[in-house]
Amino acid sequence: MFGFLLKRFGLLIPTFLGVTLAAFSFVRILPGDPVLLMAGERGVSPERHAQLLEQFGFDRPLYVQYFDYLFSALSGDLGQSLVTKKPVWDEFFTLFPATFELSICAIIFALVIGLPIGMLAAIKRGTWFDQSLMGAALVGYSMPIFWWGLLLIILFSGTLGWTPVSGRISLLYYFPNVTGFMLVDSFLSGQKGAFSSALSHLILPTIVLGTIPLAVIARQTRSAMLEVLNEDYVRTARAKGLSAARVVGVHALRNAMIPVITTIGLQVGVLMAGAILTETIFSWPGIGKWLIDSISRRDYPSVQGGLLMIAVIIMFVNLVVDLLYGLINPRIRHKG
Amino acid sequence: MTDQAITTDPELDDNHQSGLASFWFYFKENKGAVIGLCFFLAICFIALFADFIAPHAPNQQYREFFLVPPVWQEGGTWQFLLGTDAVGRDMLSRLIHGSRYSLFVGIIVVVGAVSVGVTTGLVVGYIGGALDTLVMRLMDIILAFPSLLLALVLVAVLGPSLTNAIIAIAIIQQPHYVRLTRAAVLGEREKDYVTAARLAGVGPIRLMFRTILPNCMAPLIVQAALSFSTAILDAAALGFLGMGAQPPTPEWGTMLAESREFILRAWWVVTLPGLAILMTVLAINLMGDGLRDALDPKLKRS
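Protein sequence lines, in the order shown, are assigned to chains Z and X.
Read in order, the letters of the first sequence are residues 1 to 336 in the working numbering.
Read in order, the letters of the second sequence are residues 1 to 302 in the working numbering.
Everything labelled a hint here was simulated from the structure, so no lab data went into it.
Note that the structure is a prediction, hence the values are computed from the model and not measured.
Incorrect hints may appear among the rest.
[Claimed, not checked] List of simulated lysine-lysine pairs, PhoX-like, C-alpha gap at most 25 Å:
no.	chain 1	residue 1	chain 2	residue 2
1	X	K28	Z	K124
2	Z	K124	X	K31
3	Z	K124	Z	K240
[To be verified] Going by beta-carbon spacing under 8 Å, a handful of chain X positions derived as facing chain Z:
no.	residue
4	V116
5	V135
6	I141
7	P146
8	S147
9	V153
10	S161
11	I263
12	G274
13	L286
Ideal placement from N, C-alpha and C gives every residue a C-beta, glycine not left out.
With the rest of the complex left out, here is chain X:
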């Protein structure tokens, strides 16, 4: 690794390719991870083409069809495969459209938390000193609160909406990236290849992002998978508590909150949105486990 970091780009790409191939070799060994990946890709497909797949519009109310059970149960009709909710909206269509919100939350939170957190971690780890102490204490304070509670309070300040829920969740996920990146940078900073690059005249910004960062990626990728699933769970929890997406948005957590009163009368309005959350989060966590095993050289041989 030592000298490759400062060689020319084509060789770097070549090395990258074989890294990817070896990653895939280990990743596909883990059957659960592959199943998780397939399921995740399927959800992505459904979310992208929700408008074409969903049989009805998600907020269309059919006034003659309140709380119609799923098709296989007595009273169900083929018009509404998974039944309808209390105001006659098609469950299946709402679930399909709901996948958009969950994936959207996951993607925005991960992109936001990774970009800000990793940059902060790189800078404070590289510069050190008082700035490092200050930022790390700030991260300790964020971590001193239970994440969901802090998200709730932030949403209470900002006002309940999906956007504010996303901002709050991105903020509470920040410290993990800052800590991970900083620890990795501290480990890499004094290594020979970094010194060599610095002596070769590489500037600090390029040194941070091009020389050091690629060598700290493994734990960050695993953390990203983890925070993707946590973000979906937290956003659903906020929606459930009435502090996330607001009705009539077909967000899964919000759908659960709306259907709570029908819990003993119509099992499908309660069961299905939660099942959608569980399956999505489970698929991502399966992928995350596979990523960890494939990327972590310590566990690779065990």
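With the rest of the complex left out, here is chain Z:
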């Protein structure tokens, strides 16, 4: 298992270097040089310009600058935001829990509904039940989620008045930031109504962000189940007289989970892209909204740092998924 782990980890290194190179080049290919970017519209005199170039080390050869960037990134220094003047690393991790909480809720929502839908559709294969579930899944898969969010706001916040329109919690509540997760913090604070306020703010964004993963998981579970249900060992289990629920729920599901876990791993990228749209619609103070704001404010160090951090997170999740494979399916572990 250790060798397997080491090998998977080794594969990440070239991609990591490439990702840092991509984030590094991003600021380089922008028109103008970094000093002009930082000076913004005020402009800068030629002497001061040359002095600043030297001060920040922009006059050194590109490869030196890249290695400099690489090593500071490895030690957690991602530069400074042009707007807030705070370290990008701190900004990222202040906002990250909000996105993390939303993403976790969205993926749980997608799994809790998507897995049973996929299994039911596979068992009832070819019936109108299967067809309508898969039809609904295809609609979910084709959904422009930014519009879906607006529709839900019209219905639940506008017409019915059930849920709030934006933010993470009502401004009436204030409590210390313990874990960064609003649901946990509001619960720990013990204030009356704080938890339900946090929950009601979370529901619509969770549905919006979870819709596409839900559809993908339902479709993937159905096809993985169909494939497994035709296998010999499933027939054997049936022939032994095991109940249908046990055959499907234990024997078939365990093996159908392998492609499903791959799918869940792939959804992390979808979640991050979706977070940009979802957080914009619901004014959710997370990474996605921060990135789109940074892009429109031309705060390039923030964009660069955020880009790198997100890529690293996705690489990390893919690694975890690979390791999970090894746990579920020993054949892969021994081959690796």
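Given chain Z's structure and the hints, the job is docking chain X onto it.
Frame of chain Z; chain X shown alone:
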């Protein structure tokens, strides 16, 4: 298949015909796919003849008719079937013209990504070696970023416009084609018919494009349908975030962004553009599912 690839052209065409017939036989079995195809063709027709179908010019403002509701609702008029937006432009005409942008984005992105991606995949798969490693690592890097985020950053670098959105989306779709083609080429390269063709003196370029490529088409066609719909969704998302087509372009995503503030007052300005996006993408995805079932021999019999 083995010897047909190097036979004379008329027989190849004959084989192609029966392939198409068998494809249609399986495709028309899937009712959803046929509905999707019909709907898609209808959108193509609307986009082509938008100038004749649309009752008004898309950017014509009628100053006495701000936020007029659709005709079936109280206050609606027959002059504006689906109502007007906040500056008095006819919704129906803007939606009709918007179909042009979405289809245009889809077509350009697919053509661009397919031509560059497939060529790259063929070449690196056929040549292999250091070039292969280098290109595939590059593709891994592109895939390490969430697609929409990368598109956003590329647009931020290039400047927000529909053209740059198309370029960005085509770039982020590239790796899928390179990977698919390369994997297919690696599978086909050592087969007998390729060796036979090489021994018969077929040059590398003809070998890649005429001998190997036709046998790798099935997954590529399915991927093309998929990326057509993804491209439309991504372009609309970029438009919605203000990074795609700029107002007053009647692009569906941009229309949604413009109408966000009227969300609780005038449902039609928000609902209709999104519905247009959803229906178009759904139609293409239905078609894509049908294509996959008809082209994939593994799933065909299931």
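- Tell me, which hint numbers fail for this structure? 4, 5 and 10
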